[in-house]
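Chemist: These are the residues of each chain, in order.
There are 2 protein chains.
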Amino acid sequence: MKKVLIIGCGLLGSSLVRRISRYKIAKKIFIYEKSKSNISKIRRLKLPGIVVNSLEDGVVNSDLVILCTPISEYKKLIIKINKFISSKTIITDIGSSKIESSKIIKKFLKKGVQWIQSHPITGSEVSGPEHGKENMFKDKWCVLIKDKKTNSKNLKFLNSFWKKVGSKTIMMNVEKHDKIFSITSHLPHLIAYNLVKSAQDFEKIQKYDLIKYSAGGLRDFSRIAASNEIMWRDIFFDNKVNVSKAVDIFIKNLNSFKKDINSKNSKSIIKKLIQTKKVRSKILKLKQDINKPDFGRN
Amino acid sequence: MKKVLIIGCGLLGSSLVRRISRYKIAKKIFIYEKSKSNISKIRRLKLPGIVVNSLEDGVVNSDLVILCTPISEYKKLIIKINKFISSKTIITDIGSSKIESSKIIKKFLKKGVQWIQSHPITGSEVSGPEHGKENMFKDKWCVLIKDKKTNSKNLKFLNSFWKKVGSKTIMMNVEKHDKIFSITSHLPHLIAYNLVKSAQDFEKIQKYDLIKYSAGGLRDFSRIAASNEIMWRDIFFDNKVNVSKAVDIFIKNLNSFKKDINSKNSKSIIKKLIQTKKVRSKILKLKQDINKPDFGRN
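The listed protein sequences derive, respectively, from chains A and B.
One point on numbering: in numbering that gives the first Met the number 0, the residue at position 121 of the first sequence is 120, and numbering is uninterrupted.
One point on numbering: in numbering that gives the first Met the number 0, the residue at position 226 of the second sequence is 225, and numbering is uninterrupted.
These are computed hints drawn from the structure, not numbers from a lab.
Don't take every hint at face value.
Given that identical chains are not distinguished, each listed pair holds provided it fits within a single copy or across any two copies.
What the hints assert, rightly or not - Quick list of in silico lysine to aspartate or glutamate cross-link-like pairs, DMTMM-like style, CA-CA up to 25 Å:
#1 K79 x E174
#2 K258 x D56
#3 K139 x E202
#4 K281 x D293
#5 K137 x D56
#6 K270 x E202
#7 K175 x E202
#8 K132 x E174
#9 K132 x D293
#10 K203 x E72
#11 K291 x E133
#12 K33 x D62
#13 K102 x E174
#14 K284 x E202
#15 K270 x D247
Start from the sequences, fold in the hints, and give me the full structure.
Modeler: In structure tokens, the structure reads:
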């Protein structure tokens, strides 16, 4: 590939820049970044990409354009890009939710231009180009969104790109993608934010210093609840129907569990606790987490 | 101290044995363990304690007896211990909830015998003596339960014991303890179990393979949801009033968050997401977690 453009050079964008450069996946890497603070960081870090001030310089003649911005930026960017993009350039993005964003793409993107959505299952609670790493995508799943209209040649190109980046790829449609991630990712984040908020509410009422004792469980959730707020607002809004349904399933389980506790229903509680335990073994077997007690903290 | 007895030599019991021996905190360490499988492990691991078959051999002349069993074992053990314990022996336990267990102790323990409850804030999702470590308690908080009747000499002795074990100590009464930990520990565990259960419910209905994509958040919760089921049943039952209240606060927050998502109330969501983010910084500042993105997984 001759030229790639990364739009939005934060945690994941900068990780792509590092990886693409190191593995020579593209001859030239262009970066379009609107945050001045990120641009200074990119320069200070000497990231191996050419920072462009105009989107046109980045987009024209690119083989691939990758949006690594929050989902709420897509519409504005599409309208700008439409002016100079050709059908030779493939666009993708790395957003964690697809239902609403796919509709925006369908509605606003210039006809004849191919945008195949991607979702690499990776990230961290920290943001910014200084935290990016070239191995961010290594051995991680990357979902490619495929429907009946997806051009198979372009899909093959994008698939090969993610493999070069180090990911394992899988294809599915928007609906399946957003249902799965409403449970495995969006609900856990929503819960983490709300658990931490509940602790804060409790602290205010009781005037107890809770954080000191967070090692009993709260600290795990606090990590996820520290994730980027713009990114997560956008994901919750984009996938709101599935996320709402997931919250409902979860609240139903919470109420049933509470009932079991209050009636001291040992049989039912033990059955639930044993059943959920099995998931951890599966996750470790599938190498979806490090196999160290307590995340190897000590 | 001349003699200490550890009752229940699992993850925490065996960690105490290792630490007490290494730092010569007691001249003789006795272990009483009812699980045959754990006894073989203790022998195979050559843990530096004397395994006794009778509680009497362990208890008589001990300076300190530490119960490291699930809370539901306390009553049975108290009734047995009563037969040969003297007022010279101090008893403690390491249970994570105190309300119900303190009542059982008050009701059944022989008059004149001192039991001061402890709660070291440490542990892991794995169980058994093979996972114990001498540094399990190092730099961790240990709560000592103190009320008007607590003998100050005995409290001082116990306080000094936990400090030798490596912990930072703090004193509070049962009510405050159980309120705090209902939020920082019991609620997070309850949530983790129920999130994983919700994922399992969803998997059954949708026939999707979710676990493969657990790296988006679910895997963090699966670790906590893999904790010992007997121990956690007992904690939930022991602290059911506070835990139920905590679940109610949490469900209220979930519903309000869901409403914000469905009405796309950006201002309210962003405010919540920014507010909860601060807790992580506090936790890191207080050294209650390792300061590495993604728990240093990569």
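Chemist: Each hint needs a verdict: does it hold in this structure or not?
Modeler: How the hints compare with the structure:
no. : hint        : result
1   : K79 x E174  : neither (28 Å within a copy, 60 Å between copies)
2   : K258 x D56  : neither (61 Å within a copy, 42 Å between copies)
3   : K139 x E202 : between (38 Å within a copy, 21 Å between copies)
4   : K281 x D293 : both (17 Å within a copy, 20 Å between copies)
5   : K137 x D56  : neither (30 Å within a copy, 57 Å between copies)
6   : K270 x E202 : between (33 Å within a copy, 18 Å between copies)
7   : K175 x E202 : between (40 Å within a copy, 12 Å between copies)
8   : K132 x E174 : neither (30 Å within a copy, 47 Å between copies)
9   : K132 x D293 : both (24 Å within a copy, 13 Å between copies)
10  : K203 x E72  : neither (36 Å within a copy, 36 Å between copies)
11  : K291 x E133 : both (23 Å within a copy, 17 Å between copies)
12  : K33 x D62   : within (22 Å within a copy, 67 Å between copies)
13  : K102 x E174 : within (12 Å within a copy, 53 Å between copies)
14  : K284 x E202 : between (39 Å within a copy, 18 Å between copies)
15  : K270 x D247 : both (22 Å within a copy, 23 Å between copies)
Consistency with the previously given hints fails for numbers 1, 2, 5, 8, 10, ordered from lowest to highest.
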